[in-house]
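From first to last, the protein sequence lines are chains A and B.
Every number in this note's numbering is 38 more than the matching position in the first sequence, counting from 1.
Every number in this note's numbering is 280 more than the matching position in the second sequence, counting from 1.
No wet-lab data here; the hints were simulated from the structure.
Beta carbons: idealized from backbone N, C-alpha and C, even for Gly.
One or more of the hints may lead you astray.
Stated by the list, open to error - When the alpha-carbon atoms are kept at most 25 Å apart in a straight line, the in silico DMTMM-like pairs for lysine to aspartate or glutamate are as follows: (1) B/Lys296 with A/Glu202; (2) B/Lys321 with A/Glu196; (3) B/Lys383 with B/Asp370; (4) B/Lys748 with A/Asp72; (5) B/Lys318 with A/Glu180; (6) B/Lys749 with A/Asp216; (7) B/Lys693 with A/Asp72; (8) B/Lys337 with B/Glu553; (9) B/Lys748 with A/Asp108.
Said to hold, decoys possible - Derived Cβ-Cβ restraints for the label pairs, each shown as a range: (10) B/Arg477 with A/Arg183: 49 to 59 Å; (11) A/Gly256 with B/Gly458: 50 to 60 Å; (12) A/Thr163 with B/Ala694: 35 to 45 Å; (13) B/Arg514 with A/Asp130: 49 to 59 Å; (14) A/Asp130 with B/Ala330: 30 to 40 Å; (15) B/Asp370 with A/Gly106: 50 to 60 Å; (16) A/Gly256 with B/Lys714: 26 to 36 Å; (17) B/Leu687 with A/Glu65: 35 to 45 Å; (18) B/His346 with A/Val150: 39 to 49 Å; (19) A/Asp130 with B/Asp328: 46 to 56 Å; (20) A/Gly256 with B/Ala694: 52 to 62 Å; (21) A/Glu65 with B/Met555: 50 to 60 Å; (22) B/Asn752 with A/Ala132: 29 to 39 Å.
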Amino acid sequence: MRAALFVTCVNDAVYPATGIATVRLLERLGVDVDFPEAQTCCGQPQFNTGYRRETEPLVRRMTRAFEGYDYVVTPSGSCAAMVRHHYPKIGDEAAASLAARTYELTEFLVDVVGVTDVGAHFPHTVTYHPSCHGLRLLGLGERPRKLLESVRGLELRELPGADECCGFGGTFAVKNSDVSAAMGQDKVSNAVSTGAEVLCGADNSCLMHIGGIVSREGAPLRPVHLAEILASTEEEPWS
Amino acid sequence: MSGTYLGMPAFPVAAKEAVGNETLRGNLRHATHTIRDKRAKAVAELDDWALLREAGKRIKDHTLRHLDRYLVRLEESVTAAGGVVHWAADADEANRIVAELVKATGETEVVKVKSMATQEIGLNEALEAEGISAYETDLAELIVQLGDDRPSHILVPAIHRNRGEIRDIFRDRMGAWGRPAPDGLSDTPGELAEAARLHLREKFLRAKVGISGANFMVAETGTLVVFESEGNGRMCLTLPETLISVVGIEKVVPSWRDLEVFLQTLPRSSTAERMNPYTSMWTGTHDADGPSTFHLVLLDNGRTNTLADEVGRQALRCIRCSACLNVCPVYERAGGHAYGSVYPGPIGAILSPQLRGIQSEIDASLPYASSLCGACYDVCPVAIDIPEVLVHLRERVADQGGKGHRLEKAAMKAAGWVFDHPRVMAAGERAASKTRRLHPSKLPGAGAWTDSRDLPELPPESFRDWWKKHHNDRKDTGT
Ligand code: SF4
């Protein structure tokens with residue numbers, strides 16, 4: 039099976055480890071991964087801030103970059119949601135076709151590859167924050183949890199108020215920074231209350247915001263992307 | 281809308297204060313989480329909730345598409361039943377009509393049923409300017425009125441107050457408005473309710489004029505419907521001789537069959553009740569039963585403008601259940617007052633800028649008062665895609681190019697150009713990685729992000745640089 043990785047601009051520049059983990063994981067599962075280098079940003083920040091016209095060339099670029107791939111996989115719920123929900127409205131038929139071929143990582147694993155046990159090993163206590171766009175726009179449901187529950191050595195702790203937004207929200211994080219930070223602080227204290235060492239998420243933008251608060255507060259918590267946990271094996275532990 | 285809200289600061293400024301107020305945050309967290317959980321249970325009891333939601337959406341869309349027809353039908357039905365219909369293009373006209381009608385009765389006091397439309401137009405203040413006292417009779421509205429305060433929630437206007445604060449307001453202020461609070465009033469719900477009951481009863485028995493809004497108007501029979509849970513509304517709707525109802529034109533539904541859907545969805549979605557406690561319905565006037573004179577003031581006040589916008593018009597489906605407020609993480613922390621309107625929370629963020637326009641600072645900031653988490657859309661019983669409308673209104677604000685948006689547009693354009701040139705982007709990433717030690721994680725004064733959050737450290741190489749090597753390795757080993 040061949041799939042193109044849509045790594046996202048944030049992962050490319052700030053969290054390459056998540057992209058690398060996604061490649062390792064997919065290759066371990068026998069997927070032939072390609073990375074079309076013409077890809078950049080899906081245009082979500084522009085679109086959600088009200089710059090639709092500025093989004094259009096990015097939609098065209100993405101559409102061209104991923105032409106011809108049956109599966110486009112991305113380790114970001116909100117970028118997947120951007121492509122799936124908004125590309126058909128912003129772009130042409132080719133953009134709508136990309137929307138139909140784009141999968142968030144856990145969707146791809148569970149629905150396309152058909153696995154929940156990816157053979158991972160991660161001997162830590164973990165709590166999972168389901169980011170809003172994955173939760174509500176994509177309806178990821180139980181997929182991330184099923185994947186995590188099958189990881190050997192991993193103890194999953196229930197996150198209180200899990201479905202509440204962490205407060206990132208793209209430009210919201212700076213335009214309404216006080217409310218955004220208050221939401222993030224509540225998310226962090228909920229995560230800390232579980233006693234878990236690791237706060238797992240499937241969207242690094244949210245983890246960047248949450249992690250920024252964790253670091254500022256010196257909270258005993260390590261934000262880790264789900265792909266990195268799933269990439270970790272006994273032979274090649276991630277960290 | 282009400283002059284009370286003119287000159288409100290932009291949302292982030294108003295919200296900052298609320299975020300720092302521990303009591304307020306505690307009150308709001310407790311209240312919104314309680315009602316949120318109760319609502320979820322009440323809705324989960326119905327296995328056809330999704331269908332009811334879809335039906336409600338379609339009924340509203342159909343009615344809005346043929347609003348002209350249904351409003352004329354409504355006018356005919358109300359007139360035939362003995363009522364008088366007035367049309368008000370804006371708040372001033374509506375206030376003028378109501379003031380004239382009250383003056384014509386020779387009365388200087390009116391009792392009010394809780395109503396959003398009359399708050400939207402600032403009716404109480406307008407009547408006061410004409411020497412007419414308007415008494416709020418909904419318990420929470422009474423608390424707000426006595427406290428010289430502003431409502432902060434559609435359904436629970438005093439949600440920002442706790443019991444102790446309410447006791448103090450009753451003790452200090454009731455006397456100035458009528459019957460004082462009983463001596464030694466405590467903050468138990470029973471005693472507070474009894475104090476309000478005694479205070480209000482005097483007003484119900486004396487009033488000759490009642491003023492209300494309505495949750496629905498049924499076009500086929502000219503029937504108006506008010507949902508409430510205290511019975512105080514019913515007092516105002518039945519005891520006075522004259523009843524004046526001020527209702528937004530989007531509140532019409534074609535028939536009783538349509539009403540049936542909302543009789544199920546509104547109570548569960550708003551107060552988590554299976555059946556609404558007091559549902560009052562009246563059709564024109566009847567001899568020796570209820571008010572002998574009935575006036576209906578149909579209010580536009582920005583609604584037809586809203587209707588003209590293909591994306592934004594869905595806001596007019598709103599049945600004011602408040603479910604979106606109760607689940608909203610931003611509302612929970614910013615409180616209702618920050619929204620600078622009688623319509624707070626997610627619905628306020630899409631309704632106020634449409635009804636009032638986006639000229640003022642507060643209205644131009646409201647579309648950004650959301651992280652777009654989508655919790656509001658999930659719970660809305662008429663499926664208003666609030667995030668979609670927010671983004672749509674952001675486009676309008678950005679196009680207008682107001683304060684700060686010119687710079688932002690330039691930045692978005694520049695970013696767009698970089699993203700459209702992957703080589704430039706890769707070079708930028710490399711430069712950033714090389715100089716990463718020069719990016720302190722705490723930038724003094726660099727503001728919005730770093731005030732409360734550290735920045736991530738940049739990696740030594742970007743993903744795309746790693747990929748090049750990985751890809752070459754793969755080729756070398758022939759895999
Ligand atoms: S927008 Fe929807 S959820 Fe919010 S008050 Fe209106 S009907 Fe209720």
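Against the structure, the hints:
no.: 1; hint: B/Lys296 with A/Glu202; in the structure: holds, 20 Å
no.: 2; hint: B/Lys321 with A/Glu196; in the structure: holds, 20 Å
no.: 3; hint: B/Lys383 with B/Asp370; in the structure: holds, 20 Å
no.: 4; hint: B/Lys748 with A/Asp72; in the structure: holds, 11 Å
no.: 5; hint: B/Lys318 with A/Glu180; in the structure: holds, 24 Å
no.: 6; hint: B/Lys749 with A/Asp216; in the structure: violated, 42 Å
no.: 7; hint: B/Lys693 with A/Asp72; in the structure: violated, 29 Å
no.: 8; hint: B/Lys337 with B/Glu553; in the structure: holds, 21 Å
no.: 9; hint: B/Lys748 with A/Asp108; in the structure: holds, 22 Å
no.: 10; hint: B/Arg477 with A/Arg183: 49 to 59 Å; in the structure: holds, 50 Å
no.: 11; hint: A/Gly256 with B/Gly458: 50 to 60 Å; in the structure: holds, 56 Å
no.: 12; hint: A/Thr163 with B/Ala694: 35 to 45 Å; in the structure: holds, 43 Å
no.: 13; hint: B/Arg514 with A/Asp130: 49 to 59 Å; in the structure: holds, 57 Å
no.: 14; hint: A/Asp130 with B/Ala330: 30 to 40 Å; in the structure: holds, 32 Å
no.: 15; hint: B/Asp370 with A/Gly106: 50 to 60 Å; in the structure: holds, 57 Å
no.: 16; hint: A/Gly256 with B/Lys714: 26 to 36 Å; in the structure: holds, 29 Å
no.: 17; hint: B/Leu687 with A/Glu65: 35 to 45 Å; in the structure: holds, 44 Å
no.: 18; hint: B/His346 with A/Val150: 39 to 49 Å; in the structure: holds, 45 Å
no.: 19; hint: A/Asp130 with B/Asp328: 46 to 56 Å; in the structure: violated, 38 Å
no.: 20; hint: A/Gly256 with B/Ala694: 52 to 62 Å; in the structure: violated, 36 Å
no.: 21; hint: A/Glu65 with B/Met555: 50 to 60 Å; in the structure: holds, 58 Å
no.: 22; hint: B/Asn752 with A/Ala132: 29 to 39 Å; in the structure: holds, 30 Å
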